[in-house]
Every structure is written in structure tokens, then in C-alpha cells.
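Asks: Sequence:
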Amino acid sequence: MNIRSALMMGAVSGVVMSMSGVALAQSTDTGGIETVTVSARQYSESIQTAPLSVTALSANDLEGLFVQNLADVNHQAPNFTIQGVGAIHRNAAVVFSRGIGYAGVDMGQDPAVGVSVNGVFMPSNIGMLSNTLDVDNIQILRGPQGTLFGKNTVGGVVNITTKLPGDVYSVEAMVRVGNFGRLDFFGAADIPIDDTLAARITLQSQTSGGPFKNAYTPTTSTPTIAKHLGGDDIKTIRGTLLWNPVSNFTATLVGSYSKDRSTSVGGQNGSIPCSYATDPAYHGYCDALATYFGHPGFDYRTPGQPYPLGPNAPYTVYRNFPSGDYQDTTSVSLNARYHTDMFDVVSVTGFVRNGNLSYSDYDNTELDFFESTFGLDNRQWSQEFRLESNGDSPLKWVAGAIYVAKTWSGSQLFTSTFPTLDNYIDYAKQNDASVAGFFQADYNVTSALQLTAGVRYTNERKDIERVNSHLNSLPLTPCDPSIPNFTTINPASVVPNMACTYNFKKSWGNATYHIGANYQIDPDKMLYASFSTGFVAGGFNTRVDSEFLTGTPYSPETAQAWEIGLKSDWYDHRLRVNAAAFLNKYSNMQVGAFIPGGGLQQAIVNNAYERAQGVELEITAIPVEHLTLKASVGLLDANYTSFNANVFGTGTADYSFLRPGFAPKWTMNYSASYDFDLNGHGVLTPSASVQIETSHFTNLTNNPVGFQPTYATVDASLVYSEPQGRWQVALWGKNLNNALYRLSAVPSSGYFTQLYFANPATYGMDLTFKM
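Just so we're aligned, residue -13 is where the sequence shown starts under my numbering, counting upward by one.
Treat the hints with care, as some may be off.
[Unchecked claim] Simulated crosslink set (DSS-like; lysine-lysine; CA at most 25 Å straight-line):
#  : residue 1 : residue 2
1  : 392       : 491
2  : 616       : 651
3  : 392       : 492
4  : 382       : 245
5  : 149       : 213
6  : 221       : 199
7  : 382       : 415
8  : 492       : 511
9  : 616       : 571
10 : 651       : 149
11 : 491       : 245
12 : 149       : 199
13 : 491       : 571
14 : 616       : 492
15 : 511       : 651
16 : 415       : 511
17 : 213       : 199
18 : 756       : 221
19 : 511       : 382
[As the list claims (entries may be wrong)] If you anchor each label on the Cβ, the simulated ranges turn out as follows:
#  : residue 1 : residue 2 : range
20 : 167       : 314       : 22 to 32 Å
21 : 710       : 391       : 41 to 51 Å
22 : 663       : 395       : 57 to 67 Å
23 : 324       : 439       : 38 to 48 Å
Please keep in mind that the hints were generated in silico from the structure rather than gathered at the bench.
Keep in mind that this is a model prediction, so the values were computed, not measured.
From the three backbone atoms N, C-alpha and C, an ideal C-beta is built for every residue, glycine too.
Start from the sequences and build out the full structure, keeping to the hints where you can.
Replies: Quick look at the structure:
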């Protein structure tokens, strides 16, 4: 048995052994694990009767994690990863579950794990990390959720629900200070307006300097270059109205606005452009880099040669281009429910708008090699109607329909001093429209046996307009009138500038379904089994400067998943053990590859098939009063069963030997907390946790630059709560062992690999008041 297996088995046996004396103490210690309610099947039920893999985090859990953004719930569920992309769009999320996910920022490509806020799905992974203000609970559903939640959920769903107004006046405030100049403020007020209407107002400010020091010395022409990167400057306001005019009708209106003026995450150059150079014109740049970074004579021309990180890497970076990731986000949701004796009528209306302006120094050096400015405007409207059965009938069902319309437009300006690289600007605008209908029913055959079946059909249409304009004398691809729907814009402009526009349209239809059975062994133990399908929508390649590639659509990615599981409580609800085993098969996976006619650029193609199988275990124990132990362990075996593509630009070959990205074999999280009662003078709670993730790649091609060895992080906190609960002070620390681990290794334009690391140790103090 290796050390990782020993850690897993030791955690399980340790928790179970710690319970050996609990049965003897049941008569005197009556406290148990709290009942957790989830809505994974679109109606409320105990997490212990929901026949699927779901991890629920309450508001108290999130407070104990000292959450600053959604990435702070990473490692809280087995075989689940959520973190920042790094690169451009620092608030974009990398979300993977059970070997499938998405780690890019292409607006044309949809995520494989959906994130929903108050029932409204986020339109893309850009901006996902910002949604943790005043949250009541987060539910992490693993495995395809294609029947009840629809497209882009082959890996699962993260459901976020914000807090509702209370029925009495109350105010709470929090101040947070920490290293790297951290200074945050939070305030919320519940305001009952009358007997039927209540409001909640929430304000938040997050500021920090960031852990990355920019060693570049600004000049008179670059006076605005940031000296520290990775910092926060975010202001958010949210208002919630809860209206209950009659006993059988409730409506909740939530509106929020966020202004983000943060700096980009600092990155390292993981590979030198000279690695790809065949033109002697590059060599002067190579020699200049070698001398500048203290490695004279270093052979940067060797293919794949990694860039030598300096002695202060990775938190000393070099960036001579403005560093900013600016985002304005507006969202509105309206949830209404009308109750009748036979069924509830539910309406969920949503609007999300995200505007983004990001600057990226792709080469991550002090030299003007390759810079990018990216602008984005993304708008989404959605309307869902559901009918949900009521009463004590053995048949419980939900039926519904949803329409989603999304419009996004984006432009990206690339500037370069490379002798053979073109400067150009591209613009794309896409209209998406999808409509879906679904039905799922749960039937109680007996008081112990329940059968489930559901189906959903989705039809989606995408319409894209693409414009490329080459700004110097070396256009990568000329305007090609042979491509359908071609138009030349102002062809008499300064030669050889070219501006071309192309329009492409495509529709897809997809049916997903779910069947399952669960058996209640006794009131505290349930077995279940299920088969589910899901899909990720198809699309167009939007972040390439080849019109040929843009007009080559890729098809939906699909998933089939088998799962068996156990939900169980033991020893008078002092020990909870939930376990699941799964087998997922992903087909027509959307991966990047070079294709004929596309030049030296990658496009999304459907050339990969993956098999992911594993086991998940979640344990909570209260062996003695006031002590809480938790363990979350995931074992994953993910492999490509077929991968025939031109991955490296050297020709199509079998690359099934590559390891899927962000698929560590083991993910583990162990935590412990103890509430010390100070004899009527309050409660002191120390907590500690360790998160372990085994080795994996953070990129598709298994580039060694993106290989992340096994690492562990240690978090800890000490919280004092005043006896009446009016105020609280907390000391907290994250990654206290200062583990160095990668967020991503992002290949850019075939010349650079941008390497991004997670934050080092962070710590601080929170002071909270409630009245």
C-alpha cells in the first residue's frame, strides 16, 4: 500500500474507530449531525434521501472557510476542482468534476460544469469566481445533470443560493484585514417593510495589493505599470425583495451590481518563443533574453526548452504592459412560486450582463514581444417555467420548459515586435438561442423502494459574425471570398490592411435522460443506482484569426454515467458516511488540435473519447460533544480511450497515451474543529484542515511546464464568539505551509506558454458585528 492509500484508509479507519465509544455515550450526549436540505431534484429534501452525489455547504460552513471568491470552496468535494484560470480574465473559473471540465476563456466554448445563482446559470466561466457575496448555501452536484439542469452540465452543477430577507430588523457588518494589504468591508441589513414585503441590502468592498511583485522598472512612456499584481479592487451591492402577499404565493427579486478593477494575476514565461524559431531574425531576441535574465549563452533555441525561472520565482514577475482585469457585472433574477393543492407553478426569470476589459502581457518579460487587449460584452436572458407535484401521492414529478437567449461580442488586439508575427485585431459577435423541455418523475413502489425516470430535449442555434483586420504587412490569412458568407469591409483602406467579415450559423438538437432506483434500508440508510446522460453544446472557434477555422463548427460533447451509492447515518446521527462509485464515458470531447487548412493555429475538434471511473467518500463525525471531524476522499482513474488528432502540429496521430488535464488520482480533505465553552464567557473554536491533491497536468498536451506534482495545503483558524452572538473575532490562515502549486499553463498563439501559480500563504483577522 502506498502512502496515499494509507492516508485514505487511515482517515476512514480513524474516524470510524473514534466512534467506537459513541454508542455507550448516546444516553447522555444527544447532539448529532444537523439535517441538511438540498434541492438537487428541483424540490427540497434531506441530503440523505437525495439519490445522487451532492456536497452541501451552509452559510456557517462558508464563514468557516473565510471565503473571498468561489475558488475558496476548492477541495470541499471529492474529485472536484474549482480555481482561477490565471492568464487573462483572473475571475474566470477552471471547473472540473470527475475528469471533465473546461480551463479556457473562449467565449464560443461552453463550460462542462454549470454554475447557477438563484436558479439562473452563469453565461460563461468568465466571472464565475465572483459569486460568493452573502451566500446562504452552495450545493455541488457531481455527474451529468442533463435532465433537470440541461446543457453544459456533463461534469455537474454548482448551485448557489443567496440569503433571503429576515422578518425582523437586523444589521451585520464585517471588517477583514490581512497580508498583502488585504482590507475588506461587508455590511448587510434586513428591513421588514410591511407584513407582506421585506428587503435585504448588502454591500461589500474587497481590496488587496496582491502577492506578485512586478520587477519591471516603469519608464516615462509606461508610468501606469502596476508594481504589484494579483490584487483585488472589487465593489459589490445587492438588493433582495421578498414578497408574500398571500399564503400560497411567494416572489423573490434579487438584483446585484459589481465593479471590479483588480490587477491581473502575475505569470511566468514557461517557454521561450525561440523554442519555435527557424528564422535567424529571432535569434537576437533569444540572446537578449538570455543575457537579460542572467543566463548568457543559454540555448533558448532548443525545442521545448523551458524558461529558467529566477531566484524569486514565481512571485517576482516581469510585465511591461498595463495589468488590469476590469469587469462590470449586473444580474437580476425573479423567482416566483404559486402553490395549489395538486402542483406548484414556478417561474424563474434571469438577466446577466458582464462587461470585461483585460490586458495581458503574453510573453511575461520586460520586452515588447507580445501583448493583448481583450474587450467583452456578454448578455443573457432566460425564462424557465416548472410544474412541481404536491401532496402525498406515491408519484412525485416535475415538468418544465426553458428558453435562453445570449448575445456576446468581443474584440482582441494583438501587438508584437516579432519579425514574423502580424499585429491584428479581431472582432466576433454571437447570438445563441436555446429552448428545452423536460420531465422527471419519482415513483414510490413501496415505502422503501423508489424508481426515477426523466428526459429532456434541447434545441440550440448559434449565429456568429467574425471580423479580422490585419494591421501590418504580414497578414496571416488573406480575405478568402471562397468561404461562404464572405464580405470585404472597406477593401480600399491602407494596403495591405485587410478587414474581412464572415457569418456562420448552426443548430444542434440533443436528448438527455436519467433513470434510477433507490432503496431505503432503514430510516438512516439508503442505497441507490442511476444512469444519466448529458452534453456540452457545440459551437464555433472564436479565438483564432483564421476565417476557415471560425467557420468550422464543432459538435456537442456527450456523456454517459453509471453510479451506485450509499447514504448512511450511524450512532444516533453522530457518524455520517456517504459513498459513491461511478463510471463515466465522455464522447466527442471538445479539444484543441491543428486541422488541415487552418494554418499553424489550433481549433476545437471532436476527436477525443475518455473513460473516467472512481470512488468518492464523505464522512462527518461527532465522536464527542463539541468535536467535529470531516473527511472527503476522491479516487479517480481517467484515461483517453481514443484521441486521434493533430495535437502538436506535426500530423494526426494517436495521443490516447496523454493524461486528461486536471484529473488527479486522489483528492483529499481532512478537517477538525472543537468548540470550547468558556463557562458563559463565549465560545472559542480552533479549526484546522489539510487538502491533498496528487500529481496531474494543467494542460491538454501534457507539457512538462504544466505538470503539477502532488501537493498539500494547510488551513487553520481560531474564532471567538461572544456569548450573545453579537460580535465575533477570527484569526485565519490559508496555505500556511506556503505550498507552491500551479493554477494553469496556458499556450498562447503557438509561441508562449504562460505559467500561473496560486497564492502563497495568506492570513488575516475578521471582526464581525450583529445586531
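Asks: Decide if the proposed pair is consistent with the structure: residue 392 and residue 492, CA atoms, cutoff 25 Å inclusive.
Replies: Holds. Residue 392 to residue 492 sits at ~15 Å (cutoff 25 Å).
Asks: Does the alpha-carbon distance linking residue 382 and residue 245 stay inside the 25 Å limit?
Replies: Given that 25 Å is the threshold and the Cα spacing comes to 43 Å, the pair is violated.
Asks: Mind checking the alpha carbons of residue 382 and residue 415 for me, to see if they're no more than 25 Å apart?
Replies: Distance ~43 Å between residue 382 and residue 415 Cα, so the pair is violated.
Asks: For the pair supplied as a hint, residue 492 and residue 511, is the alpha-carbon distance within the 25 Å limit?
Replies: Violated: residue 492 and residue 511 sit about 48 Å apart, past 25 Å.
Asks: Are the Cα positions of residue 415 and residue 511 separated by 25 Å at most?
Replies: violated (52 Å)
Asks: Does the hinted range 57 to 67 Å hold for residue 663 and residue 395 at CB?
Replies: Holds - the Cβ-Cβ distance for residue 663 and residue 395, about 58 Å, lies within 57 to 67 Å.
Asks: Taking the beta carbons of residue 324 and residue 439, is their distance inside 38 to 48 Å?
Replies: violated (26 Å)
Asks: If you draw a straight line from the CA of residue 149 to the CA of residue 213, is it 25 Å or shorter?
Replies: It is violated: about 38 Å lies between the C-alpha atoms, which goes past 25 Å.
Asks: Would the pair residue 756 and residue 221 pass a check requiring their Cα atoms to be no farther apart than 25 Å?
Replies: holds (22 Å)
Asks: Taken at face value, is the distance from the CA of residue 651 to the CA of residue 616 at most 25 Å?
Replies: holds (20 Å)
Asks: Please work out if residue 651 and residue 149 have their alpha carbons no farther apart than 25 Å.
Replies: violated (36 Å)
Asks: Hey, residue 616 versus residue 492, does the alpha-carbon distance stay inside 25 Å?
Replies: The given pair, whose Cα atoms are some 48 Å apart, is violated under the 25 Å limit.
Hints 4, 5, 7, 8, 9, 10, 11, 12, 13, 14, 15, 16 and 23 from the earlier list are contradicted by this structure; the remaining hints agree with it.
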